[in-house]
Amino acid sequence: QQPVQSPQAVILREGEDAVINCSSSKALYSVHWYRQKHGEAPVFLMILLKGGEQKGHDKISASFNEKKQQSSLYLTASQLSYSGTYFCGTADNAGNNRKLIWGLGTSLAVNP
Amino acid sequence: DAGITQSPRHKVTETGTPVTLRCHQTENHRYMYWYRQDPGHGLRLIHYSYGVKDTDKGEVSDGYSVSRSKTEDFLLTLESATSSQTSVYFCAISERAGRDNEQFFGPGTRLTVL
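Here the protein sequences line up with chains L and A, keeping their order. Reminder that position 93 of the first sequence reads as 93 in this note's numbering, one-by-one numbering, no gaps. Reminder that position 10 of the second sequence reads as 10 in this note's numbering, one-by-one numbering, no gaps.
It is worth saying that the hints were derived from the structure and are not from the lab. The beta-carbon is built from N, C-alpha and C at its ideal position, and this holds for glycine as well. Check before you lean on any hint, since a few could be wrong.
[To be verified] Which residues of chain A face chain L? A partial, calculated answer using Cβ under 8 Å:
1) Pro18
2) Tyr31
3) Leu45
4) Gly63
5) Tyr64
[Said to hold, decoys possible] Below are the DSS-like pairs computed for lysine-lysine, each with C-alpha atoms no more than 25 Å apart in a straight line:
6) A:Lys57 to L:Lys26
7) L:Lys37 to A:Lys11
8) L:Lys59 to L:Lys26
9) L:Lys59 to L:Lys37
10) A:Lys57 to A:Lys11
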């Protein structure tokens, strides 16, 4: 079952904050976050594992609420370089441990 | 950056012709994946490999086959290309099982089937 990302798109001014959500209908083992810039390959940001702590990556952090079966990606004091499409990939407890199911992505544009 | 390359980077072909895309890695990672990416569909897994000669289907495997005879190479073949297979194809590698480990993506191959 594909995870649902929200919002689909967001536009920010430099310095503003944003939250991107990733929700699943299944109990999750892990949530992965990637960023893809236009015309480039996706790049890994972070993994959140069941029972793990909130992760951080520069001014980008994420949380994982196992009970709600969702993860949120927090982008604070956004920079122009944060622009791109953000994807979450999920692995559920009962599924194949070798692969991820990906959301459709959230497009983020940061303007000066 | 992880050592992962894809060839060709761009290809235009005609319907009905066979096409093979190559993914090459220098990281000695066990897992390799082929994805396609289309507008509105995100990343969709075609096939993956969890070792030499060990492969399995993903969610959109119809019309595609794969082979992995060496750790470093993972080939994706379209036996008879169709216009619906026009897409950007990404290869990814991972040291351990996908749910525990980050994936490193190759630069992608843009395939156009006329």
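Now the hints, each set against the structure:
no., hint, result
1, Pro18, "violated, 25 Å"
2, Tyr31, "holds, 7 Å"
3, Leu45, "holds, 6 Å"
4, Gly63, "violated, 19 Å"
5, Tyr64, "violated, 15 Å"
6, A:Lys57 to L:Lys26, "holds, 21 Å"
7, L:Lys37 to A:Lys11, "holds, 22 Å"
8, L:Lys59 to L:Lys26, "violated, 29 Å"
9, L:Lys59 to L:Lys37, "holds, 18 Å"
10, A:Lys57 to A:Lys11, "holds, 24 Å"
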